[in-house]
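Read top to bottom, the protein sequences are chains A and B. Position one of the first sequence corresponds to residue 1 (my numbering), numbered consecutively onward. Position one of the second sequence corresponds to residue 1 (my numbering), numbered consecutively onward.
You may find that some hints are simply not true.
Taking CB as the label site, the calculated pair distances span [to be verified]:
(1) B:152 <-> A:193: 47 to 53 Å
(2) A:63 <-> B:194: 47 to 53 Å
(3) B:308 <-> A:342: 56 to 62 Å
(4) B:72 <-> A:19: 57 to 63 Å
Not the full set, but computed from the structure, chain B residues with beta-carbon under 8 Å of chain A [to be verified]:
(5) 18
(6) 20
(7) 24
(8) 116
(9) 197
To be clear, the hints were calculated from the coordinates, so they are not data collected in a lab. In this text, a Cβ means the ideal position worked out from N, Cα and C, and glycines have one as well.
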Amino acid sequence: MAGIVGYGAYIPRKRIKADEIARQWGKNPETIKRGLLLQEKSVPGFDEDTITISVAAGRSAIARAGIDPQKIGALYIGSESHPYAVKPSGTVAAEALGIGPEVHIADFEFACKAGTEAMFVALGLVEAGRVDYAMGIGADTSQGAPDDALEFSASAGGAAFVFGRDGIVAEVVETYSYTSDTADFWRREGEFYPRHGGRFTGEPAYFKHVLAASRAILEKTGLKAEDFAYAVFHMPNGKFPLSAGKQLGFKKEQLETGWIVPTMGNTYSGSSPTGLAAILDVAKPDDLILITSFGSGAGSDSFVLKATKRLPEVQGLAPTVRSMLDGPRQYMTYGEYAKFREKIIVNE
Amino acid sequence: MREVAIIGAGMTRFGELWNQSLRQMFVEAAAEALNDAGADRIDSMYVGCMSGGQFTGQEHLGPLMADQFGMAGVASVHVESACASGGVALRQAFIEVASGMSDLVLAVGIEKMTDGADVTNVLATAADQELEVYYGVTFPGLYAMIARAHMQAYGTTEEDLAWVSVKNHRHGAKNEKAQFPSEFTVEQVMSSSMVAEPLRLLHCSPVSDGAAAVLLCPLDQAKDYTDKPVKIVGSSLATGSLALADREDPAFLDSVQKSGEGAYKMAGVGPRDIQVAEVHDCFSIAEICCIEALGFVERGKGGPAAREGFTAIGGCIPVNTSGGLKAKGHPVGATGVAQAIEIFRQLRGEAGARQVENARLGLAQNMGGSGASSVVHIFQGV
């Protein structure tokens, strides 16, 4: 049996409120807050990117795993915002985390499910016995065009998971992936902001894949919604994951712990993984957890996890997701936000 | 002219039909209409569609749809009059049968709006490019100006507008083909997002996909196909200026009045004889203007009609029993034919929970743009 032996997350301190973005564009903030269930979102600082988020989350994961980073034989980072188009994020992160050089590294991309994709492959290598430990990370400094609905959600953060066979904090009971060619959201080479198909991103994309993957893993495991202590679904906004959860028979109490989007925003590849980290922060031994990601293009990965007796021993070894979400925050004006997100054109 | 009847009807559900293409929707509606009548051939057909070209990149719909339907070889042509394309397709089919040129003619309305096109801009091509669109005007903006003019001239209120949506959603909740078969309160309508003041989201018809088809034949052959044909006793098409600013009174739709008068004259009836009507409520203010122009209420008195129940099922003249464009959905080219189908069902007593009791005479009014074209048909149960 393989599973998660250590986990960690990171969310930047800088935030912008939905009211501030709405004010800038002459939109009604109540419509956004009520319609999308978004209050505020995290914003990366000048010195923060997918690599620094990965390193911060990775350090916490290694601390909780309590292992020598040299034993990590594979490191995969899934992101839509790798700082380089050519040159891996993983090599920089590995060096900073003390991993390697005897390590296999790759950067993954699958829109918002690149993070669970990295976790999926890391788990597979451990299960196969090819490496003792492997790390999968989902992290993003998400892009959203000015005056696009995405601007209210696209945020920064991520989570890292070390998989192994010894010292497991959450066993992986089952996995399931569901994928189809569905062009709901994309960003072409050289383009700065993603484009999307508006309402096409809903029913035929998000809901079709999230519901199909979740239903299939429930059937595969013979489990029912009520058997789970927690469930988390990819969070493009506040509404979609609650609606998906409800359709699958989950209750609010099972969803609210991982439903961190109202104040974090959508950290794209880091979204459902960070929600999972928030659940692992509080889960008790034997709790069953369902996570289903969604990546445009499109696909969903589902994992059923079961917390072990070791989990409560490691929860306090690194910052919790809630402590970063609710802790010290620095609120930005839209002008500062535009500067930080490089939306202002300046001379070289 | 020969007397003409509708002998069969078919339509898709209206809504965001992500898994159905333009041609698939066509075949579903057209096949249902032929099966409904038990017909295995047609002589000719008209395809009403506002902009297959801009919405999906597909033009030349006449032969395409005939071929897709297994009818390659028959006369088939695409007709366009913006959002009145469906009503105009029906009128062309009616004229062809009435003239004696053909016996079995299919009128189909169709639109695929959710294929990724910029819907607001595509729809705006039905406004005056030089006098309106060039300055940035969109249809919600044009109808908002009509609403403001009506409010100023007659004291119509935002609550009056909201009641049109409330009533049509009540009706639409009883229609299994409707895109939004759900009821709303006046408060919900009046607190929905502002689109173009004073029009809010729930004053506006949605973006929809759908197709609707009716099969026509001479009345004296109708009994070969159905026991319950519905006669088309009036048909009239009228035009007005494309640009709102060119009209004498922006709060009144002249083309709707002209098309109504033409149809009443042909049918030998008046507005008080109509027992059920479908009118073009692309925005809530449009229904208010249409019921005035059609003579259901006096000019300037359309505002309170929905609030007072005058136009609700059970009222004096039930309007938009299908839910109207607001609740049923508005795949623009399909709308005119779908309206005819609602009246067809009502006059045959097949409208289920939304049936208007003993309806014998019904009217459908379909318009293009901000009222630059309007087509009215009057139907009679046989």
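Quick rundown of the hints versus the structure:
no.	hint	in the structure
1	B:152 <-> A:193: 47 to 53 Å	violated, 42 Å
2	A:63 <-> B:194: 47 to 53 Å	holds, 51 Å
3	B:308 <-> A:342: 56 to 62 Å	holds, 58 Å
4	B:72 <-> A:19: 57 to 63 Å	holds, 59 Å
5	18	holds, 4 Å
6	20	violated, 11 Å
7	24	violated, 15 Å
8	116	holds, 6 Å
9	197	violated, 12 Å
Of the numbered hints listed earlier, those contradicted by the structure are 1, 6, 7, 9.
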